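Enquirer: Going line by line, the protein sequences match chains A and P.
Numbering follows the numbering used here, in which position 293 of the first sequence is assigned residue number 1145; successive positions increment by one, without gaps.
Numbering follows the numbering used here, in which position 355 of the second sequence is assigned residue number 335; successive positions increment by one, without gaps.
Hints in this document: simulated from the structure, not taken from any laboratory.
Please read these numbers as outputs of a predicted model, since none were measured by experiment.
It cannot be assumed that every hint is accurate.
Said to hold, decoys possible - In silico DSS-like pairs for lysine-lysine, Cα to Cα no more than 25 Å straight-line:
hint, chain 1, residue 1, chain 2, residue 2
1, A, Lys1184, P, Lys290
2, P, Lys173, P, Lys221
3, P, Lys316, A, Lys870
Claimed, not checked - Computed from the model, here is a short list of chain P residues facing chain A with C-beta under 7 Å:
hint, residue
4, Thr1
5, Cys8
6, Tyr9
7, Ser53
8, Pro194
The C-beta atom is built at its ideal place from N, Cα and C for all residues, glycine as well.
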Amino acid sequence: MTKKHIDPLERVAQEMKKCVKCGACRANCPAFGTFQREPATARGKVALAQHLVKGDITLDDGTYSAMSKCLLCGSCVDKCPNQVPTDEIVIAAREALAQRRGLTTFHKAVGQVIRNRKLMNFGALAAAVLGPIFFRKVPSTSGLRLRFPMPFIGGSRHIPQIAKKPFMKRHPEIIKGEPGKPTIVFFVGCMTNFVYTEIGEATLALFRHLGCTVIIPQGQQCCGLPGMSGGDLETVRELAEQNLAAIEKHEADYVMTACATCGGALHKLYPLVIGKRNPELKARLQAVADKTVDAAVLLQKLGLHPEETGTGQRLRVTYHDPCHHRTAGIAKQPRALLKETPGLDLVEMEGADRCCGLGGTFNVYHYESSLDINAGKSKAIIDTGADAVVTGCPGCIMQLSDGLKQAGDKTRVLHTVELLARKIRR
Amino acid sequence: MLDARTLQQLTDIVGAENIATGAQDLICYGYDATQMEFLPDAVVHPDSAEQVSRILQLANKENFPVFPRGAGSGFTGGALPKGGGVVLVTTRMNRILRIDTDNLVAEVEPGVVTETFQMAVEKLGLFYPPDPASLKFSTLGGNVAECAGGPRAVKYGVTKDFVMGLEVVLPTGAIIRTGGETVKGVVGYDLTKLLCGSEGTLGIITKIIFKLLPYPDSKKTMLTVFDSIDGAARAVSTIIKNKIIPTTLEFMDHATLTCVERRFNLGMPESARAVLLIEVDGDRDLIEKQAGQIHKLIEPLGLVQFRVAKDAAESEELWRVRRLVSPSLRDVNPDKFNEDIVVPRSKVPDVIRRIEVIQKRYDIPIVNFGHAGDGNIHVNIMIDKSVPGQLEKAHEAIKEVFQAALDLGGTMSGEHGVGLAKQPYIPLELNAAQIAAMKSIKAALDPNNILNPGKMLP
């Protein structure tokens, strides 16, 4: 193993030393919860990373297998007595594995697609490749299922309707609001743009209701997280730079997203993993990170009155915290808005902040385990007797829908903004 | 090293998916919270007493050591495979077999996580008090083998006080039951007590019968701040002397408070030199009365703050101070020796004074906190191993801390055990005759010395 290959790990070697192998991560890691074997724990991965740096194990199949068993959900970091950033360490290990072994065929395809907007706009193809990550079986009640062959997984899977016209093609780049009101850059994200366009429409309607000027930069790309999950940091860097350029083109008060995952990329992961050797780039990424805000958080901050905009319907709802919200400390804000929304009765599920099991490409390689984690989530949702589960991440929406479908349950899965905008969207 | 035939036999016993020999698996079952590391030759995950028995019979026949392991959260290396051999992980045996609400007993397998068990009995209005800090991830089998303690030991005792009976696979492979589920029982030697705290050297626990209590009606949490360490230490013995037994009586010294305050900014009074976190539980009227008595008793001892939690949320807020200790300590120095001496409760002020002297003599930071109500102090010697000479200094200081505890009628370890970490210090506490008696028990039960060899006794 040459030095170059373990380079990404050398960068986080100091962080590894913080781990005292106490075992607290065993209580919080959803991957360990399903695999029940020590290499799936955070401390196990840290130990392996330390041995990689020492050089007494190599980036072989065993290492690959252990490092793949992480959802990058950050639960272990939250609860770690020493705040060991295992998520960063796993990202570094996956980058090292990718450098050493090359990307898997699947991840190569993911990289090619997410780097190519033209290709992505050709939705069917995007879906065919991204399908296994994003597009699980959706409720057949939608009646709009499509079937796509999944060459990289084998067999065929149910995937949701790909929007006939992506969200970004339906709107101009700049939608002028009232003078004196904030200007907001809307980072749309692939799932919203290509699949759940309804989330985009609801988000747009709410910020227009508040009089904001909304800019949807046409140059924006995929946030790159599907690539990061497979160690394809090259693709992530490329996309980060393109997104940065697209966002910086506009003067804005906020960079807003309705996707927890995209938010995690812009707000935390870009400045964390990119620009370690390029301080100027890092500073620019940090500037965008500082402006990045989740849609629900910003709506609350700007004083949205959900009684003016939200459902009149009587609905019992429960809220699922996306991992990328939990790690950013977002939990109270969406709940507060839902509580103020007429007709909604918010009930808490057990373990609302536990990962749904999607974990980027985790569910491609460990579909059974992903289902196992998701089954616990579905049970918690069903136990509340809620009519709908609400969340702030289109990725979670996909996964939760799949889980509930598998459990034979009809609970609806909605994004917070969809409920908040129901009145003004009709 | 295990030969291919032996590995095949192990595989036949547990199944191919429950044995691992890959480098990554060996690394991940070679550590615990001591940060020591020894690689095993194989890791097996049996699912029954019968499988454990067959593994041990094979071990005797082929002469390889077996190291039982639960969650691997021990502080003394008890589960580490020093010298190589087979790590036997008990976590697949994780069923709560029954909770008997008529007789207030429960039967569980060793791999059940402590908190999972507590939550299950609490749903039925019952109570399993032992609460080691690791309760969210440590296993009950490990708790019994190490005789884990915890803050609530002041009033309720430690793990062994709740173990009524066991199913154990002896080192030779015989499966026996010890004790039972009756309140009384005197037939034969008390092997149950012998196995509690035996650190996996005398047998592998495959079932545990626990005694349960009714869940206490209510509790009250108090955070008390003192202007001197001596005042806090005297408060501990004063409360006990006045015949009040709190559920917990947690102690934090000035160094501990400084660490927590620096990192988390809790707004402690300037004059704070020590904190006692006191909890009482039981009948609502009684605990009100006890809280009042405690306040009156400790008032003259330099009390500068007395906060009582009004509800569960406030109680949690007061506990936060204690829970933040561990993440804060690393700010002092990167490496920590976490000792857990115990002295008779009236001697807490004396031992604290002795430790202050030791700290000054060696000029290394010693941070003290812990379960002072039962005389159990966590003495954390904080060093930087990369600084030449510090490690040697730490070992000398540890020896003196142990000696101080022993001089005052105490013991070197209240709940962490001996394992590998405290083995060199054993002769400070046990004399040759005591060690010989223990060794003869070990030899009688484990003639081929295959179960957790090289641990505990020197």
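Enquirer: Each of the hints needs a verdict: does it hold here or not?
Expert: Consistency of the hints with the structure:
{"no.": "1", "hint": "A:Lys1184 with P:Lys290", "result": "holds, 23 Å"}
{"no.": "2", "hint": "P:Lys173 with P:Lys221", "result": "violated, 29 Å"}
{"no.": "3", "hint": "P:Lys316 with A:Lys870", "result": "holds, 12 Å"}
{"no.": "4", "hint": "Thr1", "result": "violated, 10 Å"}
{"no.": "5", "hint": "Cys8", "result": "holds, 4 Å"}
{"no.": "6", "hint": "Tyr9", "result": "holds, 6 Å"}
{"no.": "7", "hint": "Ser53", "result": "holds, 4 Å"}
{"no.": "8", "hint": "Pro194", "result": "violated, 25 Å"}
Consistency with the previously given hints fails for numbers 2, 4 and 8, ordered from lowest to highest.
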